[in-house]
Amino acid sequence: MSLAVLVAVAMFAGVVLYALFGGADFGSGFYDLTAGGSRRGGELRALIDHSIGPVWEANHVWLIYILVIWWTGFPETFAAVTTTLTLPLALALAGIVLRGASFVFRKYAGSLAQARLFGAVFAGSSLITPFFLGAVAGAVASGRVPAAGNGDQLGSWLHPTSLFGGLIAVGTCAFLAGVFLTADAARSGHSGLAETLRIRTLGVGIATGAIVFAALIPIRQDAPTLSDRLLGSAAPLIVISAMAGLATLVLVHRRHYSPARLGAVAAVASVVIGWGVAQYPWMLVDQVSIQDAAGAPATLQGLLVVVALAGVIVVPALAYLFRLTQSEPWTSG
Amino acid sequence: MDFAGSITHLLASGDAPPGLLPAREQMALSLGWHIILACFGVAFPAMIYVVHRRGLVRNDPVALALARRWAKVSAVLFAIGAVSGTVLSFEMGILWPGLMGRFGDVLGLPFAFEGLSFFVEAIFLGIYLYGWDRMPPRRHLAMLIPMAAAGVAGTFFVVSVNAWMNNPTGFRIVDGVVTDVHPWQAMFNDGVWLQFAHMWVGAFMVVGFVVSGVYAAGMLRGRRDAHHRLGFTVPFVFATIAAVTQPLIGHVLGLRVGDTQPAKLAAFELATTTEQPAPLRLGGILIDGKVYGAIDIPKIGSLIARNSFDKPVPGLDTIPLADQPPVNITHLAFQSMVGIGTLLAVAAVMFWVFRWRGRDLLSSRWFLRGSVIAGPLAIIALECGWIATEVGRQPWTVWQVLRTNEAASTSGGLWWSYAAAVVVYLGMTIGAFVVLRSMARRWRAGEEDLPSPYGPAAPVDEEAGR
Chain L
1116 MSLAVLVAVA MFAGVVLYAL FGGADFGSGF YDLTAGGSRR GGELRALIDH SIGPVWEANH
1176 VWLIYILVIW WTGFPETFAA VTTTLTLPLA LALAGIVLRG ASFVFRKYAG SLAQARLFGA
1236 VFAGSSLITP FFLGAVAGAV ASGRVPAAGN GDQLGSWLHP TSLFGGLIAV GTCAFLAGVF
1296 LTADAARSGH SGLAETLRIR TLGVGIATGA IVFAALIPIR QDAPTLSDRL LGSAAPLIVI
1356 SAMAGLATLV LVHRRHYSPA RLGAVAAVAS VVIGWGVAQY PWMLVDQVSI QDAAGAPATL
1416 QGLLVVVALA GVIVVPALAY LFRLTQSEPW TSG
Chain D
15 MDFAGSITHL LASGDAPPGL LPAREQMALS LGWHIILACF GVAFPAMIYV VHRRGLVRND
75 PVALALARRW AKVSAVLFAI GAVSGTVLSF EMGILWPGLM GRFGDVLGLP FAFEGLSFFV
135 EAIFLGIYLY GWDRMPPRRH LAMLIPMAAA GVAGTFFVVS VNAWMNNPTG FRIVDGVVTD
195 VHPWQAMFND GVWLQFAHMW VGAFMVVGFV VSGVYAAGML RGRRDAHHRL GFTVPFVFAT
255 IAAVTQPLIG HVLGLRVGDT QPAKLAAFEL ATTTEQPAPL RLGGILIDGK VYGAIDIPKI
315 GSLIARNSFD KPVPGLDTIP LADQPPVNIT HLAFQSMVGI GTLLAVAAVM FWVFRWRGRD
375 LLSSRWFLRG SVIAGPLAII ALECGWIATE VGRQPWTVWQ VLRTNEAAST SGGLWWSYAA
435 AVVVYLGMTI GAFVVLRSMA RRWRAGEEDL PSPYGPAAPV DEEAGR
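If you read the sequences in order, they're chains L and D.
Taken in order, the first sequence gives residues 1116 to 1448; the numbers are from this note's numbering.
Taken in order, the second sequence gives residues 15 to 480; the numbers are from this note's numbering.
If we strip away everything but chain D, and leave its shape as in the complex, we get (with noise of 0.2 Å):
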């Protein structure tokens, strides 16, 4: 199957609804937008909690005002994330009514339990950014706390969603009901904890990356006071550790791939036919029923999928053609998130080695340029991931349970409702985009309050203004 074939093969899996396409596109744009943004609700708060708390037990004051201006930002994005949250559970509904009325009581539990944390994370979201100077700071540097590990929670209890996807149990169906719901069960299923495990440490590798990058961006323009530095180091010693933890973690998680979703194995591995030991595929595309371009390594293929060294990686060929997800975009997505996970790993643990040695990269311009891009590939390695174990479970979105065409809306009327979503998303980036540029501008230029332009002080920005 060639890549066009895939695509078409993706979009026509036997008599698909005609909400299908839109629906997936949709959710794929909705997603994949807000995950960026829930990584920065998980993992900005605790990033927040070391800089503030040095700020306090030091005395600080660079520390402190970082504090500060970090918690703005968080501020905006919070507050975008937590819109495009709501849309995606109108999303549940208005997409997938198939996946929502049948199987709604067996997962939906731990979306509840997600509620519960969102809550808890908005509650003390509002405590903390209005906190400043207004409560004692030992207790407003505790509101992070709650924050923080809402953060956590909320994280495991989406992803049991989707681990629940991947490995549904907690249910029978009789006669095509379903019924025997256990949903605790479901909840706490066999994928959960190291899926979740896999998408928290992420959390902290995009945003320790993402915000570390921003301060090489402003040593490369000669801006190397301690505020850089300190803006610097602390994000980027949170993605050290999670950069070099994710491949261990992937790992095993990918070994459980090979159990429970060997057709999903066979495509990250673009494993056309069982071969023993297999090797490792680097690149490459599927035509035809034919791997093109590929650089083959013996035995690593067995080595990463099955913990050794001869023993068999399952191919396509004992997956039939109607089960098969679509490979090269599977195989593509996973090879790039290994690469760039690896890349990202390698180049941090090589920042401290060479500390260790006494040679500091931040005076490097090659390494700080490396660092201003670590941001965005450790986006794309996020993006790439949910496009891998996504895409790798089609054509079921409840693996072996529930097909995505039955899943999917039979609205015709969804085309509409995809384009206003892309109208909206691309507003809201850009509206994003704009003030939070605007904010670093404005604080670059010494004005550290950001007076609101409705705040007491507009009468006099608009004479300023004139």
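Excised from the complex, chain L in its bound form (with noise of 0.2 Å):
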């Protein structure tokens, strides 16, 4: 494997994870949304505070991991994405800035009103980060993003591949966090709450599991390249994806959620996966490839030592936060 694909690998890893870990966080943005009014959904809006609470900012960083190993060792092809998905990526942003400020805010507003008005801003624009970050995937995999930057604004990441791209990653995101919520409820005590989560879940489920298979019939015609890989190399991770996401929906259904929560991770990030080896061997699909986009070869060897690092001092730091928050003094209280 060459330095620059060891890199983009590495890179790589950072978005499956950003979509696991971030994902579930984005995701509960969706239950919070839709939770009913302050009496009815206090129960659950407690849970979500309380389940992310410790880990979204971590959670979050996976993403500024991406754009710095992005800038660092392709830094043409960023300055071509930037320049041409301007819009779609200013709009993913601002739904990371209104969501991580008002999440705080909420906790700790100092009325029920303040709350409120903090708390709907967290929902809606946790629905908002995920679609067009989606949306930027697609644009990026249906090789509309040219070489030298500077796409066309609009045209770029409005088509089929870009929205369904979008909508795949708001479901599958609500997805992973009921599946999680559902068994944080569970585990903790609240029996009714996770029945109600648990209907909601199984149709979040069902209709992501639609959109993805929906989704593969325009992808045909409007990103060649990417659906031929797709259906290609790719094609065992699509089904494992499946299998495990109809594994997920049996054990939700039949309150088994501790093993559900495996099911769902594996689920989401083989079709997360899927995507990564069906665009190999392109950094831009159809316009740059991973060797042909790499930086300066002692940069990339820099990043792996950053990434080593990374490996030694954040991984077992970050174990650590989620080993405390399954811990029995973090989960009462």
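No lab work stands behind these hints, which were simulated from the structure alone.
Just so it is clear, CB atoms sit at the ideal spot from N, CA and C, and this is done for glycine as well.
Keep in mind that the hints are not guaranteed to be accurate.
Claimed, not checked - Computed spacing ranges between beta-carbons, pair by pair: (1) D:P261 with L:S1303: 50 to 60 Å; (2) L:A1262 with D:G307: 46 to 56 Å; (3) D:V437 with L:A1263: 24 to 34 Å; (4) L:V1430 with D:L262: 34 to 44 Å; (5) L:V1430 with D:T193: 29 to 39 Å; (6) L:R1302 with D:I187: 51 to 61 Å; (7) D:T332 with L:V1427: 43 to 53 Å; (8) D:M364 with L:R1302: 56 to 66 Å; (9) L:R1302 with D:G460: 27 to 37 Å.
Unchecked claim - Here chain D is said to cover these stretches of chain L; the calculated rule only asks that three of the stretch's residues, wherever they fall, bring their Cβ under 8 Å from a Cβ of chain D: (10) 1197-1205; (11) 1264-1273.
From the two separate chains plus the hints, produce the assembled complex.
Right under this line is the structure:
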């Protein structure tokens, strides 16, 4: 494996982790939005607050990791994407800012009215961000970002692959969050809440699965390079994703919430990895390969040092944080 | 050049792309906003550590309560600092594709390390905030150490990128192509250590004076309990050490500017012609090549800029007009920074001298009033410092390598992005203000735990609200 591909894999690992950890965070916004009035939704919102409060900030850093590796390792393609997809990127960014700020504002709000306002902003913006990041992915994957940058400001992302990319991102985030929140609710003894979440998660899962497979048809027309490989070398991953998704639905239906979490992670991870495999060896599909996009070799080596350090420093710390959040004193109260 | 003239000069240097002005405005807004919060990320964990440790070691409930409150404040500030930092990472590409596309692999490595530092800080902040009453007290306290260390490291790495823009190294340009890239050399460029020290100490000045100012305001309203005294004293000690150290660092840093960026130094000093020895020119404004309204102190300019009473300070006449920065903005920003910094250092030293001689200035309403405005003044000095170094580097984004109009986006739509940024930042500022103020109110009303309105107590709150 060449240096450039190694760095691309490290960057893509960040994409997968962001899709899982950040995705579960963003998806909780969907349930927050649909939780009902402040009295009826209070229990669910408290659960969401409790579940993502300690981890959302760390989960969010995966995005910064991706951006930094991108502009350092593959600088010209980063400039090409930001100059072409300025609008969806700016909208995703607006979502990130509004969501992060209003989540913490709600937590420390002085009155119920304030908390309601911040809560609505938090929940709404949780849907905006995955949609537009998904649209950006769709634009890159369908070969609409020219290597020289400054591509079509609207046409580059207003097409089926991008729009389905956005919907799939929103759906997978909500599905992941649903499975995790249901498990959290059941574990902390909120059985009524777990029951409500179970029904919603099943609905979201079925809808998301339907969107993923419906998307394959327009993508066939819209992004031939991607779909050839999606149905070729990436096909096993798509099949695994479908099976894991189905298994998750069955497990949630039967109230086996703990193993269902693994199923949801497997389903989402394999669909995202499937996209990565389908896009290989392109950095910008049909435009620039990973090899041609790479920056200076010395810099790529430097980046691998950072990735190795992240493995030594960040991963154990992150594992400690997640272990704490699952421990007895953190779960109660 | 008059003030309006220098603005026009700033806007229309040569064939400026349509994205240049909105890109500049948006970067100035978002960086200027983020940098205040970044200071809290850097300096606040150390202050929280001091009071939290005191609370544990001396079994002091006042100090422990203070640490708890500061932790909650830092949660709010850190969250909005994190999102505004994310804004900057998108903006690097959206606003400055000419910089990132060409030099991304030269300057990117410190950003990657900064990302790593930020990751560590975010993880341990999560543990610390939720660890209250859930972890063994000593271990809980220890969680602040990686946070504080990551804050220091993060400052170094992010300032390293700016120092590289001022002292570009680690690459060659052959036939217009960037080649022979040495990212480590770029990261540890000649300017990095002093710039880092200046920013790091500046962060402690900002946070120290802002936080002590909050408690000074409380004392002015008659709240003179142990809580307020400790809340004032700890950050004020940090601020004093920082304020006294800062002029020394700034002086050494300034000496380098004469060698590395003479145009910036000439603008700092408002030196139109080379003078030997050069005077210190206080205030003043440059209109059509003439200085008006300045007070000249003979020889001191040479002393400050060159560390000698008779060395010359090269003037703007040695620099082609196309390579001159907007002089008035640079000069006034620089002098405001130095003036405020000096004032704060003198006031802080005065407090300790009086205290050593047995007089407590905390009983003086005038001193307390001064302490309240010291926080905003420190923020102004910080912003002025950044304006001085950034505007003073113009018309270059990368000194003598890449002009700003080559770095900026060519997109015409950036005014919309700027307008949206103004609205979002205004909203975030108001949101943060409202939330922090209502936190303080509830604390004064004796509500220590600040139950979330969506928490278990929500239905009760709702009843009470009707």
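To see whether the hints hold, each was checked on the structure:
Checking the proposed 50 to 60 Å range against P261 of chain D and S1303 of chain L shows it holds: the Cβ atoms sit about 55 Å from each other. The beta-carbon spacing between A1262 of chain L and G307 of chain D, approximately 53 Å, falls within the hinted interval of 46 to 56 Å. Range check, V437 of chain D to A1263 of chain L: Cβ separation about 32 Å, and the 24 to 34 Å hint holds. Take V1430 of chain L and L262 of chain D: their Cβ atoms lie about 40 Å apart, and the range 34 to 44 Å holds.
A hinted range of 29 to 39 Å holds for the C-beta pair V1430 of chain L and T193 of chain D, which are about 35 Å apart. Evaluation of the 51 to 61 Å hint for R1302 of chain L and I187 of chain D yields a pass: the beta carbon distance comes to about 59 Å. Separation of T332 of chain D from V1427 of chain L is about 51 Å and conforms to the stated range, judged on CB atoms against 43 to 53 Å. In this structure the hint that M364 of chain D and R1302 of chain L lie 56 to 66 Å apart at CB holds, the actual value being about 58 Å.
Separation of R1302 of chain L from G460 of chain D is about 34 Å and conforms to the stated range, judged on CB atoms against 27 to 37 Å. Under a criterion of three residues with beta carbons nearer than 8 Å to beta carbons of chain D, the stated coverage of the region 1197-1205 of chain L is upheld, 6 such residues being counted. Counting residues of the region 1264-1273 of chain L whose beta-carbon sits less than 8 Å from any beta-carbon of chain D gives 3, enough to reach three: the coverage restraint holds.
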